[in-house]
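Spelled out from the first residue to the last, the chains are:
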Amino acid sequence: MTDFDPQEFLLKKHAKYCLRFLGLLPPGLAKQESSRGTLVFFTVCGLDVLNQLSLINDGLRNEIIDWVYSTQVIPDCESSTNGGFMGTTTLNVKSDDPLVLKNIGKYRKGHLAMTYTCLATLVTLGDDLSRVDKRAVIRGVEASQNDNGSFSLSASEEGNEHDMRFTYCAASICAILNDWGNVDKARMKEYILNSLRYDSAFSQDLEGEGHGGTTFCAVAALQLSGQLDSLSEVQLEKLKQWLLFRQIDGFQGRPNKPVDTCYSFWIGATLKILNAFDLTNFTENREYILSTQDSVVGGFSKWPRCTTDPFHTYFGICGLSFLNEPELEEVMPSLNISMRAYGKLKDLHNSWINENTN
Amino acid sequence: MSDNSDDELMPDWIPYSHRPEWSDVTPLAQDDGPYPVVQIAYSEKFSEVYDYFRAILAANEKSERALKLTQDALQLNPANYTVWQYRREILKDLKKDLHMELEYLDNIIENNTKNYQVWHHRRVIVDQLNDPIRELPLTENVLKMDPKNYHAWQHRQYAIKKFNLYDDELAYVDRLITEDIRNNSAWNQRFFVLKHFGFTSEILGRELQYTTTRIKRVPNNESAWNFLRGLLSQCEGAIDQSSYVNDFCEELYESGGRFVFLLAFLIDLNERRYMQCEEESKKAEFYKKIEHMCTILSTDHDSIRQNYWQYMLQRIRSN
Numbered sequence: 001m002t003d004f005d006p007q008e009f010l011l012k013k014h015a016k017y018c019l020r021f022l023g024l025l026p027p028g029l030a031k032q033e034s035s036r037g038t039l040v041f042f043t044v045c046g047l048d049v050l051n052q053l054s055l056i057n058d059g060l061r062n063e064i065i066d067w068v069y070s071t072q073v074i075p076d077c078e079s080s081t082n083g084g085f086m087g088t089t090t091l092n093v094k095s096d097d098p099l100v101l102k103n104i105g106k107y108r109k110g111h112l113a114m115t116y117t118c119l120a121t122l123v124t125l126g127d128d129l130s131r132v133d134k135r136a137v138i139r140g141v142e143a144s145q146n147d148n149g150s151f152s153l154s155a156s157e158e159g160n161e162h163d164m165r166f167t168y169c170a171a172s173i174c175a176i177l178n179d180w181g182n183v184d185k186a187r188m189k190e191y192i193l194n195s196l197r198y199d200s201a202f203s204q205d206l207e208g209e210g211h212g213g214t215t216f217c218a219v220a221a222l223q224l225s226g227q228l229d230s231l232s233e234v235q236l237e238k239l240k241q242w243l244l245f246r247q248i249d250g251f252q253g254r255p256n257k258p259v260d261t262c263y264s265f266w267i268g269a270t271l272k273i274l275n276a277f278d279l280t281n282f283t284e285n286r287e288y289i290l291s292t293q294d295s296v297v298g299g300f301s302k303w304p305r306c307t308t309d310p311f312h313t314y315f316g317i318c319g320l321s322f323l324n325e326p327e328l329e330e331v332m333p334s335l336n337i338s339m340r341a342y343g344k345l346k347d348l349h350n351s352w353i354n355e356n357t358n
Numbered sequence: 001m002s003d004n005s006d007d008e009l010m011p012d013w014i015p016y017s018h019r020p021e022w023s024d025v026t027p028l029a030q031d032d033g034p035y036p037v038v039q040i041a042y043s044e045k046f047s048e049v050y051d052y053f054r055a056i057l058a059a060n061e062k063s064e065r066a067l068k069l070t071q072d073a074l075q076l077n078p079a080n081y082t083v084w085q086y087r088r089e090i091l092k093d094l095k096k097d098l099h100m101e102l103e104y105l106d107n108i109i110e111n112n113t114k115n116y117q118v119w120h121h122r123r124v125i126v127d128q129l130n131d132p133i134r135e136l137p138l139t140e141n142v143l144k145m146d147p148k149n150y151h152a153w154q155h156r157q158y159a160i161k162k163f164n165l166y167d168d169e170l171a172y173v174d175r176l177i178t179e180d181i182r183n184n185s186a187w188n189q190r191f192f193v194l195k196h197f198g199f200t201s202e203i204l205g206r207e208l209q210y211t212t213t214r215i216k217r218v219p220n221n222e223s224a225w226n227f228l229r230g231l232l233s234q235c236e237g238a239i240d241q242s243s244y245v246n247d248f249c250e251e252l253y254e255s256g257g258r259f260v261f262l263l264a265f266l267i268d269l270n271e272r273r274y275m276q277c278e279e280e281s282k283k284a285e286f287y288k289k290i291e292h293m294c295t296i297l298s299t300d301h302d303s304i305r306q307n308y309w310q311y312m313l314q315r316i317r318s319n
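Those protein sequence lines, which keep their order, are chains A and B. The first sequence runs 1 to 358 under the working numbering. The second sequence runs 1 to 319 under the working numbering.
Hints were generated in silico from the structure; no laboratory data involved. All C-beta atoms in this analysis are idealised placements derived from N, C-alpha and C, irrespective of residue type, glycine included. Be a bit skeptical, because a hint or two may be false.
[Stated by the list, open to error] In silico contact screen, one side only, chain A against chain B (beta carbon under 7 Å); selected entries:
1. Lys-16
2. Leu-19
3. Leu-24
4. Leu-25
5. Pro-27
6. Ala-30
7. Ser-34
8. Tyr-69
9. Ser-70
10. Ile-74
11. Asn-103
12. Glu-161
13. Leu-244
14. Arg-254
15. Asn-256
Model the full assembly from the supplied sequences, consistent with the hints where possible.
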């Protein structure tokens, strides 16, 4: 028998869990090497939503910021489309040999998902983004857009993964830097609407299956680009119904699939954007999320009594924040950062506008 | 630091530094900066393989041994998109037989069915080969293990679209729906295939029957109801087909069916009638029906969505 209340949200333990992930990770996580930027995002933003950012002292804060910047690709010429963040140091080497640097440099490219998570982390830590090569980042985003309006993970002649995920990341990056450059928003919208399925949900790409994660990406990208009004009243109402039908106790990502903690964020955030989150059942959602928390060492997993990870931990915390759990920061649903961080971002935008007008 | 999981993967492992054929290469270390965060304690093997990979990259070496090295690097981290990209460049430079690459990938994909990078690599290779011969069997194999694997379905759609492989797909989808009538991915694929051939009134009639038969079998199956809704949206103006669906739903209801998705569907049908109706007394009748259904949903059949059904009623009332 357990000696704690299963309905108790163990905030302090989750904070420790997040903090632990900022440190040294076991070899088993080597497969996450290419996306360390997302691990930093989940832990830093997790602490922020937990209202425990003060656990990161100034020294550590600067170390995180410096590390994130060390994964930025700063192109050496104006025409390069390699700008952005890699979110990993796999291709960082110490060398004075120009040929070595040139050969490796060819493969150092910003990655849209990493650029988004790195920028969100910097904003959350209160960095002023002054070391971001903003023009280069936006050039990279512009060059990642495909003819059908979608975005790829980076600019590439070979063509690479392109879908709703990267379309969302592109929109977030532009929203964070408050600059859409030559991104073709109309074509982006067209791509998103072309991925609206017969069941009123959005798919990862065109005629794929409607899915909770990709529906978030689609709706958030529309909102961030100011194009949410391109969905008709009827489409919006049907979409809300599809989203609300995902609630079983927690939420599932697709019809007839099992419930998973992360969809309390993906579905919850989408309903928040559509002002329909209050139509969900708070009690059952909360109970489910809490059934997936590890009461011994903190963290959340997708199912009860499963292995925890930073991804489900962050989204479990956000899911509870939507439910107005006391002591948690409010989350800005479409950018997926805290409202506090979003406020700081707004201040930054204002300061950039003033700089430009002075 | 040792990592048992890596050792299990490669039991006869000889470190690169002990291999004579690699003695001319100086490994190139990763620079994680003075204060790394989310630092991973790589196994010795992982560090070494990637040190040699960086050295190869720095020398722009595209050779047989470099190709083998990418294989080790990818086994340790199949999510490293740079290694995949470099591997493709080597394959191109050495003019390798890409059919062999497909064989190699069959195995990798089976062990990493939810990894974006392997599926992407597969797609680029298939594009270059311009030959989809193995794609349907491969995805079928993955879907046998996990019939709702999103990556496999996406790849399957890519191959079908690009190489016009629609012909036998309906039979495959039908088999999957027979195996699991709740497989939403299979229903989606069905819509994808039908859309390609076009919704003629004959096909619509056949599909309406197909779907309603399956709803009768398992009435509270959201996938089938959504599909029915999708079919109806293709029936614009086709009164016969709309009334077929109306009759089907009314009958199911009259015979005592109180399934959530049936009731939700009936609310839709009645809302449409309510909006189109100009006769006040009839309008009130439709509204009454809607009100009844929203009420029983929120109190008896779908109380988790109580707020929603009340919202629904209010929304229709205010229209």
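Hints, one by one, checked against the model:
no.	hint	verdict
1	Lys-16	violated (16 Å)
2	Leu-19	violated (11 Å)
3	Leu-24	holds (5 Å)
4	Leu-25	holds (5 Å)
5	Pro-27	holds (4 Å)
6	Ala-30	holds (5 Å)
7	Ser-34	holds (5 Å)
8	Tyr-69	violated (9 Å)
9	Ser-70	holds (5 Å)
10	Ile-74	violated (15 Å)
11	Asn-103	holds (5 Å)
12	Glu-161	holds (5 Å)
13	Leu-244	holds (5 Å)
14	Arg-254	holds (5 Å)
15	Asn-256	holds (4 Å)
Of the numbered hints stated above, those contradicted by the structure are hints 1, 2, 8, 10, listed in ascending order.
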